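**Q** Fit chain B to the given chain A structure using the hints.
Protein chains in written order, with our numbering: chain A, 1 to 461; chain B, 1 to 461.
Because the hints were derived from the structure by calculation, they are not lab data. Any given hint could be a false lead.
You can't tell identical chains apart in this list, so a pair holds if it fits in one copy or across any two.
List time: in silico BS3-like cross-link candidates among lysine-lysine, alpha-carbon distance up to 25 Å [stated by the list, open to error]:
{"no.": "1", "residue 1": "21", "residue 2": "361"}
{"no.": "2", "residue 1": "24", "residue 2": "397"}
{"no.": "3", "residue 1": "386", "residue 2": "272"}
{"no.": "4", "residue 1": "375", "residue 2": "397"}
{"no.": "5", "residue 1": "450", "residue 2": "325"}
{"no.": "6", "residue 1": "27", "residue 2": "413"}
{"no.": "7", "residue 1": "211", "residue 2": "136"}
{"no.": "8", "residue 1": "450", "residue 2": "24"}
{"no.": "9", "residue 1": "174", "residue 2": "256"}
{"no.": "10", "residue 1": "386", "residue 2": "413"}
{"no.": "11", "residue 1": "325", "residue 2": "386"}
{"no.": "12", "residue 1": "21", "residue 2": "450"}
{"no.": "13", "residue 1": "72", "residue 2": "27"}
{"no.": "14", "residue 1": "21", "residue 2": "386"}
{"no.": "15", "residue 1": "450", "residue 2": "272"}
{"no.": "16", "residue 1": "155", "residue 2": "27"}
{"no.": "17", "residue 1": "361", "residue 2": "413"}
{"no.": "18", "residue 1": "361", "residue 2": "315"}
{"no.": "19", "residue 1": "220", "residue 2": "155"}
{"no.": "20", "residue 1": "203", "residue 2": "450"}
On a predicted model such as this, the values are computed, not experimentally measured, just so you know.
There are 2 protein chains.
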Amino acid sequence: MKIVIIGGGAGGLSTASNIRKYDKKAKITVITRDENIAYSPCAIPYVLSGQVDQFQDIIMHQPEDYLERDIKVITRAEVVEVSTSLNIIRYNLLESDSNSLQDESYDLPYDYLVIATGGAPITPPIEGADLKGVFKIRTIGDGETIKEWAQHSSKVVVVGAGLIGLEIAFGLKKMGLDVTVNEMLPQIVPRSLDPSMATIVQKYLESEGIKVILGKGMEKVAGQDQVEGVIFEDDVLEADMIIMATGVRPETKLAKMAGCELGRWAVKVNQKMQTSVPNIYAVGDCVEVVDAITGQPTQSPLGSTAVRQAKIAAKNIAGVESEFKPVLNAMVSKIGELEFGSVGLTESFATHNGLEVICGKSRALTKARYYPGAKRIDVLMICDLKGRIIGCQLIAKERVAERVDTMALAIAKGVTCQELATTEFSYAPPVSMVIDPIILAAEDACEKLKQFHTTRNNNCG
Amino acid sequence: MKIVIIGGGAGGLSTASNIRKYDKKAKITVITRDENIAYSPCAIPYVLSGQVDQFQDIIMHQPEDYLERDIKVITRAEVVEVSTSLNIIRYNLLESDSNSLQDESYDLPYDYLVIATGGAPITPPIEGADLKGVFKIRTIGDGETIKEWAQHSSKVVVVGAGLIGLEIAFGLKKMGLDVTVNEMLPQIVPRSLDPSMATIVQKYLESEGIKVILGKGMEKVAGQDQVEGVIFEDDVLEADMIIMATGVRPETKLAKMAGCELGRWAVKVNQKMQTSVPNIYAVGDCVEVVDAITGQPTQSPLGSTAVRQAKIAAKNIAGVESEFKPVLNAMVSKIGELEFGSVGLTESFATHNGLEVICGKSRALTKARYYPGAKRIDVLMICDLKGRIIGCQLIAKERVAERVDTMALAIAKGVTCQELATTEFSYAPPVSMVIDPIILAAEDACEKLKQFHTTRNNNCG
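Excised from the complex, chain A in its bound form (with noise of 0.2 Å):
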């Protein structure tokens, strides 16, 4: 069996190596653009904050130690063609020194053909975009271009104030520069955070010298040849360096070449993972995926879903039936000393989607009160009429990441709040309260649902 990967990423490798799990004669190749491989994208920012010492460190394999396991990956390559007639992709090799392509193309035939294709960073189509200075963020590549400017920078605009945006902010202040972040939305992390815990974040941010401008668009970048500032419709400000991270769009390319049904966000797969063309698969950032609370499609670009698309894909491949459930989009991030996470709906999002939701809300600590480093934790609970926890959102500084976990298990399995309020945790002074914050924000549900009914009020916002 000729099994070929495009996209060498979390969910292109992810499934090479789970196809060798269950298959030891399949023959797998992997292709992939960038010159580097099996890295973690979302490492980038930690290197510039100086957390993680260098690129090299986010590297985890090289393309020999996939030749291990009888996988071969050829890096520096471009797809040109899929034919899905003959099952065949063409390939050229990019010039060593440049993004050209080589005239020579190569032929890899195929029995199964998976696009992990990934994303490409959206530049917004505004005047000085392309002016030396301005940066996207996506590869190891761009990580080494911006650290190398931004050693002879001194002003920095981050365009974005979803994760990455912030958490590269973060990176270029511990560099020293003076960085500002720019959000068109009225607040940061709009896609995760409600705006009471997304003002936490902010505050957070603004206490480590970063300054945030919300509710306003750039309108251009300034500058001959080189970034000079940005400039809104009222207001102008100096940088010498602009960080556009302003979303990703999935790299759907190849999958319409090959004649891949597109949906409404990405590449369209069933539970298998399986495109419209029936041996051809999709995972990862160029799919689109179902939203477990409301059913409709919806994107969940984030390496743990690459990965958990790509054992589906790899099982499936290799004769073992598996399906892909919908997911909760279930994230966490650590800004400096600062971690938060979200899973399932927010309230804005859930209401402006026509449902009817009541927030629950904690304000707590991460250890007993009289125990040494205690730290704030405030928790916001999303539930339906019902009770039905359909979102949680989480800010502390230790001990956030695994309490999301534990509210994606409960969504997923439609835990309610009264059920989650009488519900057995762990205690011990040093490491959580004897009644866990989760459980106190569920028990707030519990009472604003009862006021609820009572009053019609529900107290979010």
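**A** Only chain B this time, still in chain A's reference frame:
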């Protein structure tokens, strides 16, 4: 409505506070032998180790604090009689300079009585157990006495390698003593950990300079007036201090006096926390509970259990129907830097009780491999032969407690290893691995299950 609560620990005081939430007018009286109330006995070891400054710090409230909520607290008082025909308890105050009773008795009428008398340390019936320098550990008073004696002591033997024994051993080691832990059984923490996991904790204790003697029962305590050593069948250990951490028995005297039915282990209660006497409730270490996996009566001497029971008892007394669910005994401890926890059944307990199980294991990291400070984490997951998870144990130098809670929820919801293996968790390099150690253990359990159904070998142990 008049409510009398006997016991000033977590169970008694939480019952009082919770009743007040639902009933603003009830006359609530808490009565306790202890001089202090509202402290966390499980925090005593952390005062010895110096992690918490002083014993006063672990007292969360004074009796006056309860008066603000119109809850009367009577300390240093012993209940000498319960009359269920008159619905009255009789108590005597203790002498101010001794624990003898004063002559005068007082009567308190009740509509509802709550028995929250906790447990009393078990002293093994051996020669020399009453010598000076032999200590039990339960109250702050015990903690103070131990700390004082330890300041003039050099060699201590802690008898019993349960949680309290080990935590106290670590505390005394930090005070500079030569510490030996002696456990009759062949492993430490026999109630919560299987041998392979117990060994990891034991090695940590030994690396901290604590000696551990297993599988040997003490025959007598040597000494004239004061402890000089511990005598085993084939060995003698010099010591000028001994801590008996040999377990706690439920304090059921008053319940018996009131005619409440006792079960196999302690006071019998229904799901409302009601004893066999309709207007007498009982909560905390003095009651027995139902094990969620076996359905059998068991004990759950945990502060967290007492607090959850208190809420249920309070609601029912206040007329809000509520049920206490069977327990999983989710526990966690932190000794020095090492955190370990357990929930559900151990493999040993399960097999001794005739359950056939398989064990999934993982040894992984708490952060991405390249992120500085990643710690090793060990997971042991116990499943029945259909894959239903019935127990889980975790050890690492961080982030254990919340994972125990995730597993408590998983077990409570009847999740299988197959289901958990495809569950969505969050990921970010500074706080987790892209595939969580729990998921890895679930995947391993799935493999073991397949192997078992082929080879009938469960690979546990």
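**Q** Please list, smallest to largest, the hint numbers that this structure does not respect.
**A** 2, 6, 9, 16 and 20
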